[in-house]
Structure formats: structure tokens, C-alpha cells
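Bring the two chains, given one by one in their own frames, into a single complex with the hints.
Sequences listed follow chains Z and W, in order.
If you use this note's numbering, the first sequence corresponds to residues 9 to 237, in order.
If you use this note's numbering, the second sequence corresponds to residues 51 to 264, in order.
In short, the hints are calculated from the structure, not lab data.
A portion of the hints provided could be inaccurate.
[As the list claims (entries may be wrong)] Sample of chain Z residues facing chain W (criterion: CB under 8 angstroms; computed from the structure):
no., residue
1, H14
2, T18
3, L19
4, I22
5, T37
6, I40
7, I41
8, Q44
These figures come from a predicted structure and were not determined experimentally.
We put the beta carbon where it would ideally sit given N, CA and C, even for glycine.
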Amino acid sequence: MNETLHLGITLMVISLTAGVALAITNYYTSPIIESQKERAMKESLSKVIEADSFRETNNYSEAYDEQGNAIGKVLKVAAKGYSSIINVMVGIDKNNKITGIEVISQQETPGLGAKIKESSFLQQFIGKTLEELKIKKDGGKIDAVTGATISSRAVTNGVRQAIEQSMGINQTSESNAEQITNDDSENGLDNEKGFEDDNESDEEEIEEERDEIKEADESEDREDDEEDD
Amino acid sequence: MKRMTKQGNWWELAKGLFAENPVFCIVLGLCPTLAISTSLDNALGMGAAATFVLLGSNIFISAIRNKTPDKIRIPIFIVVIASFVTIVSLLMQAFTPALNKALGIYVPLIVVNCIIFGRAEAFAFKNNVIKSTLDAIGMGIGFTLSLLLISSIREFLGTGALKLIGITLISAPIEPAMVFILAPGALLVMGLLLGLFAHLRNRKYEKTCCEVKG
Numbered sequence: 009m010n011e012t013l014h015l016g017i018t019l020m021v022i023s024l025t026a027g028v029a030l031a032i033t034n035y036y037t038s039p040i041i042e043s044q045k046e047r048a049m050k051e052s053l054s055k056v057i058e059a060d061s062f063r064e065t066n067n068y069s070e071a072y073d074e075q076g077n078a079i080g081k082v083l084k085v086a087a088k089g090y091s092s093i094i095n096v097m098v099g100i101d102k103n104n105k106i107t108g109i110e111v112i113s114q115q116e117t118p119g120l121g122a123k124i125k126e127s128s129f130l131q132q133f134i135g136k137t138l139e140e141l142k143i144k145k146d147g148g149k150i151d152a153v154t155g156a157t158i159s160s161r162a163v164t165n166g167v168r169q170a171i172e173q174s175m176g177i178n179q180t181s182e183s184n185a186e187q188i189t190n191d192d193s194e195n196g197l198d199n200e201k202g203f204e205d206d207n208e209s210d211e212e213e214i215e216e217e218r219d220e221i222k223e224a225d226e227s228e229d230r231e232d233d234e235e236d237d
Numbered sequence: 051m052k053r054m055t056k057q058g059n060w061w062e063l064a065k066g067l068f069a070e071n072p073v074f075c076i077v078l079g080l081c082p083t084l085a086i087s088t089s090l091d092n093a094l095g096m097g098a099a100a101t102f103v104l105l106g107s108n109i110f111i112s113a114i115r116n117k118t119p120d121k122i123r124i125p126i127f128i129v130v131i132a133s134f135v136t137i138v139s140l141l142m143q144a145f146t147p148a149l150n151k152a153l154g155i156y157v158p159l160i161v162v163n164c165i166i167f168g169r170a171e172a173f174a175f176k177n178n179v180i181k182s183t184l185d186a187i188g189m190g191i192g193f194t195l196s197l198l199l200i201s202s203i204r205e206f207l208g209t210g211a212l213k214l215i216g217i218t219l220i221s222a223p224i225e226p227a228m229v230f231i232l233a234p235g236a237l238l239v240m241g242l243l244l245g246l247f248a249h250l251r252n253r254k255y256e257k258t259c260c261e262v263k264g
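Next up, chain W with everything else stripped away, as it sits in the complex (with noise of 0.2 angstroms):
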């Protein structure tokens, strides 16, 4: 099978998804992820706010890249994500307000989500605007779907049921363990979820180390 070429528009944005999952591989992000996945709306709505703050600021940051000196690089990062944040928590307040109450505090700690500033400082600030809008559509969406992921297994054996925006997608008739809902549930079932994606790396390597080697 022909190997997606790593320079190629198109890696910078499927990379975001599973090889260079920004929770999973990155390992970034992961308090509003412990926080809030505990249900699929809370997923979603978290998910659909960071990716539009992470585009925002990759583009705006990635077109100034050339025009802003390296020594005040931090302090322009975080004006211009806290801007972006807080418009996403004024539209938020005013259009959906019962997600926003939901996520609660989370909304402002998006701020200080490691992924959109780890993602300004390492990629955004040294390669095009392009190559920045891809970067940042992959890892939201790859932020969004390991929400998903943790939130719709928390959420079944935390309730017995999958609900999204009001419909009842799954419902089993097991007893609800209610751990899962809270925080000691989080840590273990990201600890199993992070294991898991290091096993399937680590053999995906074995087997591209076994074919390099012939």
C-alpha cells in the first residue's frame, strides 16, 4: 500500500486524527478531556468550541508569523487565543446556553487548553496559513472524536444509555455503575484508552521497523 507522503497537504491534516492524536499520542489537553466527557453532547459541544478557537488561532497566528518579533511570541499567543475564546463563550452564552452551562468553567479553560497553544508554538507559528487551517481542522476533529470515544464509554456504563441532543441512541438494561461518571471512572478509562492507542502504535512501528529492515 503507497505510504501517504509526510509533506503532503492532505497528512497535515489526517495526521490529527489517529497518528498524531493530540489526547491519545500528543498527550495534550487532557483536564477539560477528564472533565467534561461524561456525556455526548458535553463531547460534542467542547469538541465544536476548541476546534473553532484552535482554527482561529492557527490562522491569525500563522498570518503573522513573519511580522512578529520571536521575543513577544508568548504574549501575542495568548491575547489572541483569549480573544478567541471569549468570543466562542459570548456566542455560546447567547445561542446554546444550556451547553454552556453544562461545560461550565471549561468554556474560559480553553485558554489554557495545551493543545491550541502547543499547536501555536509548534507548527502554526513556522509553516503556512494552508498548511496551519489543515493542522487545525485535524486536530479538532481528533480532539472531538477521543471525546466521543471516552465520553460514549463513560456515558453507557455511567448511565446505560447513549443520549445525543435529546435522542436515545442506545439504551441497555444494565446496571449503571456510576463511577464512570465520575472522576475516578475518567482516569481509568482514559488509562485503558491510552494504553490501548500505545499498543497499536508500538506494533504499527514493529511492522514498518520489520519492513525497513527487509
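If we strip away everything but chain Z, and leave its shape as in the complex, we get (with noise of 0.2 angstroms):
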């Protein structure tokens, strides 16, 4: 017993040892840390917009010039290509139109569909509005790489929905302001009333639930007995 409590409080004070060592240099290691994963990423989505700082939510990156007013977005957007997955990120300004794209990751054919990643492919999106967005041969002004169609294809539509994605965040966030000022005006009844019709209905389902499972149950016995006979 005595002997292994002197183990014990050996491997006790060894380890409290390292967690102080460790705590102190991580207390001085990881502002510095942060920093510098914040420095990348702002250097990665300055390739594709112009702005002083950004934003991270779930789906995009909000962008923000030097007074904090949001002058675009930043999404990152997977688009089927023809032999893998083309990741994209794209930079787009308040009107929808494109400021920046940049293909992130891609495995297409060398020479043929991995030429989207070149800038004389890529340069013509920006600027560009969704509805000039599609190939030349789908009837819009994007000049594919020639033997590559799929392949820019691929990366149009990836851009048309950073578009379409950012245009329903707007909306969204319109809408989310609305509902707000709505709610403010009137004084909640109407969602009192809402969330009753609601538990009524669930109540009845239940019912409904309960009884079909009495006549299954009893439709099974019936057919048991049959088979006895």
C-alpha cells in the first residue's frame, strides 16, 4: 500500500509538472496562434474579394471594407465535374456580381479540364451577372475551355449557385428583419392561437397512429387463426 501510493504520487507530481509547463506556453503561444490562422485566411479570401476583414458563419464568409460596412460575400461552393469534385470559392459583391473566383481543389484531366484553374479561363467571371452565366453553348457568355466542356460547365453552375446561395441569404436576412418589426407591431396573440391549432392537430395524429396500430395488431391475429384452421 505505501508502496503504491509513493508510485502514485511520483506519477502525480510528474504529470502536474508537464500540465504547468504545458499551460504556460500554450497561455503564451496561442494568441499568437490565432493570429496567424486568422492572417491565412484572410489572405486566402482576399484572392477573391477586396475587403479590410471578414466574417465566418456556417456557409460563407461575410466581407467588410475599412469603415465595417459588408461589401460582399465569400462562398465556397462543390460542383460535380467530370472526373471529381471541382471546389470553388467565389467572391461576390452586393449586387451579385462576381469579384473573384478561385478554383481551391480539383482533379480533372490534365491539359484538357484542368485548365479551369487557369486565370484566362477564370478571369471572364468577373464582373458577370447570373444570367450571363452559362457556357456559350447553354446560351450565355462564358467561353468553356476548348474540350473541356463538361469540366466548365461544371465550374459555371458552381458559380451560379454561389449566386443563387448568396441571394438567398439576402433574402433570408431581409425577411428575418421583417418578421422582427412584424412581431414588434402586433402583441403575439396570433402565435398563441398558431401554436394551439398545432397541438391539436398532433393529438389528433396520435389518435390516428393508435388506431391504425390496434387494427394491424388485430388484422395479425385474425390471420393467425386462419392458419390454425
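In C-alpha cells, the structure reads:
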């Protein structure tokens, strides 16, 4: 018992020392690491939009200028290419026009589909609006890479998706703002009524389910009886 | 030529360079060696990190060797080595992020680098702090030199140029062979160098053997 205690205490002392040393190191290095990560993120996002600062959310990054005004968004989309998933980063300004585009990853055919990552192809996306964003074969204004229609179409569709997502985000944030102002003006009675209605329909549904189960059980019993016969 | 006394302190440091080189003679820590040695920058970075951990763990373990019961020495080694590796990893993330990204998962894997655990068990636990420090420095430099040797071969043949911290040292108009940057090349170079070192050691052994026999 004495020996076990001695062993345990020795281990505890060493672990405590290690813990303290690590805590001190972490305390001094974590702010530096944080600023590194922010800088790296800002660098990569600045490739597609000119902004002073960014704010991350679940699906996109909001871009702000020096005064703190929102000037656009950066979205990452995944499009199904010819032989791989093409990940594209798109910068979109407040008028839903493309400010910049970059292909993050792709595994298309080298020399053909892989040319979609070159600036000669990507340049033409900048400044385009949703209507113009189709390859010329499909009636739009984007010149596809020769011999790589599917890859080019994939990138174009991905960018369309990004703009639609961005417009969708703008709409929901606008309608959220509307809802909040509406709730403030009414006194909330409508909401309570709605809640009661939901309750009743739930109970009805549960009763219906119970009836169904009873019927199913009864029909099973009847079948068993028939088999016995 | 007067041979170095095997008991002298200088020998503890010098043995790690050639006679007991951790990579080619004791043959420890091959996994990170094979994975990392694709460029001189990586080799230097990994060598420095591993030497730091080796130094720290050897000194600490040697300092507490009389107080630690034999039964729990292995958990204690692991705690000490892992702490030093975490410290090195945090420092690299903060001050050398590019190197940290290049070395990737092999920085945390220094914990299980057999050189460090092997020296702790075989040497630091049984010798005083001065000798353990010298041993750590010798092994660390030996490890770094081995990495540099393998990396220079692989980088030169695999990319046609040798680059160190952005400066191109040598550049040759040869057609680079990508295989040397990839896993098969690592094993090829490693195998040939191991054979070379074994041959050199055999020759030295034969020479001293014959001297003794007279």
C-alpha cells in the first residue's frame, strides 16, 4: 500500500509539472497562433474579394471594408466535374456580381479539364451577373475550355449556385428583419393561436396512429387464427 | 593515431555522429526519416525539433533518474517526452507555421520517434546529466546530418535542384526523377545508404580486429 501510494504520488507530481509547463507555453503561444490562422484565412479570402476584414459563418464569409460596412460575401461551392469534385471559392459583391473566383481543388484531366484553374478561363467570370453565367453553348457568355465542356460547365454551374445561395442569404436576412419588425407591432396573440392549433393536430395524429396500430394487431391475430385452421 | 577513450565525455557526443549514428547504425526513427526527407528545409526543421525534444527529455529524465521507481519509468518517459513534443509543436505553430505545415503530422509523431524513447531508456536513465546532455546533442546532430544526407540525394535527383531557405544552392539541367520524392525513392536511398554504412563499419571492424590480433 505504501509503495503504491509512493508510485502514484510520483506520477502525479510529474504529470502536474508537465501540465504546468504546457499551460504556460500555451498561454504565451495561443494568441500568436490565433493571429496566424486569421491572417492565413484573410489571405486566402482576399484572393477573391478586396476587403479589410472578414467574418465567418456556417456557410459563407462576410466581407467588410475599412469602415465596417458589409461589401460582399465569399462562398465555397462544390461542383461535380468530369472526373472529380471541383471546389471553387467565389467572391460576390452586394449587387450579386462576381468579384473574384479561384479553384481550390480539382482532379480533372490534365491539359484539358484541369485548365479550368487557369486565370485565362477564370478571368471571364469577374463582373458577370447571374443571367450571363452559362457557357456559350448553353446560351450564356462564358467561353468554355476547348475540349473540356463538362468541366467548364461544372465551374459555371458552381458559380451560379454561389450567386443563388448569396441571393438566398440576402433574402432570408431581409425577411428576418421584416419578421422581427412585424412581431414588435402585434401583441403576439396570433402566435399563441397558432401554437394551440398545432397541439390539436398533433393529438389527432397520435390517436389516428394508435387506431392504425390496433387494426394492424387485430388483422395479425385474425391471420394467425386462419393458419391454425 | 590515439583512439578516443570510450569513457571520455567527448566520446558521448561524437559517437552519435558516425559510430553510433541513430539512423544508420542503431537504425531507429526510420518512419519520420523516410517520410520527411524530401527537402533540405524539412530535414533541418525536423532535425531541430527532434533534437530539442531529445535534449529536453534526456536532461529531465537523467535529473530525476534516482527519484523515479523503476516500475513506473515508462509512463514517466512518455509523459515527459509528450510534454516536450507538445511544447515544440506549439512553438512551431506560432513561430514557423510554414515549416509546421510542411512537416504536418510528423511533428506530433516525434513522441513515438524511437530515437528519443530509446536514448531515454538506454542512456539517460542510467547516466548523469552531463553525459546525457552530450549524448542528446550528439544523437540529435547525427539524426539531423543523416536527414540532410538523405534529403540532399532525394531532392537533387527528384527535382534537379537543391534549395535551402529559398536560396537555390545547386541546380543541374538533369531530368528530375519524381520517384525519389515519393515513397519508393525513400526506401531505395535509405537501403543503399544503410548498405554503405554497414560496409564502412565492417571495414573499420576488420582493421581494428587485425590490429589487435597483430
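Results of checking the hints against the structure:
This hint holds: H14 (chain Z) has a C-beta 7 angstroms from the nearest C-beta of chain W, less than the 8 angstroms allowed. The beta carbon of T18 (chain Z) comes within 6 angstroms of a beta carbon in chain W, closer than 8 angstroms, and the hint placing it at the interface holds. Interface restraint check for L19 (chain Z): the shortest CB-CB distance to chain W comes to about 6 angstroms, inside 8 angstroms, so the restraint holds. The criterion of a C-beta within 8 angstroms of any C-beta in chain W is met by I22 (chain Z), whose closest approach is roughly 5 angstroms, and the hint holds.
Among the interface hints, the one on T37 (chain Z) holds; its C-beta lies about 4 angstroms from the nearest C-beta in chain W, closer than the 8 angstroms criterion. Nearest Cβ of chain W to the Cβ of I40 (chain Z): about 4 angstroms, under the 8 angstroms cut. The hint holds. Evaluation of the I41 (chain Z) hint against chain W yields a held restraint, the C-beta minimum of about 5 angstroms falling below 8 angstroms. Hint on Q44 (chain Z) holds. Least Cβ distance to chain W is approximately 5 angstroms, under the 8 angstroms limit.
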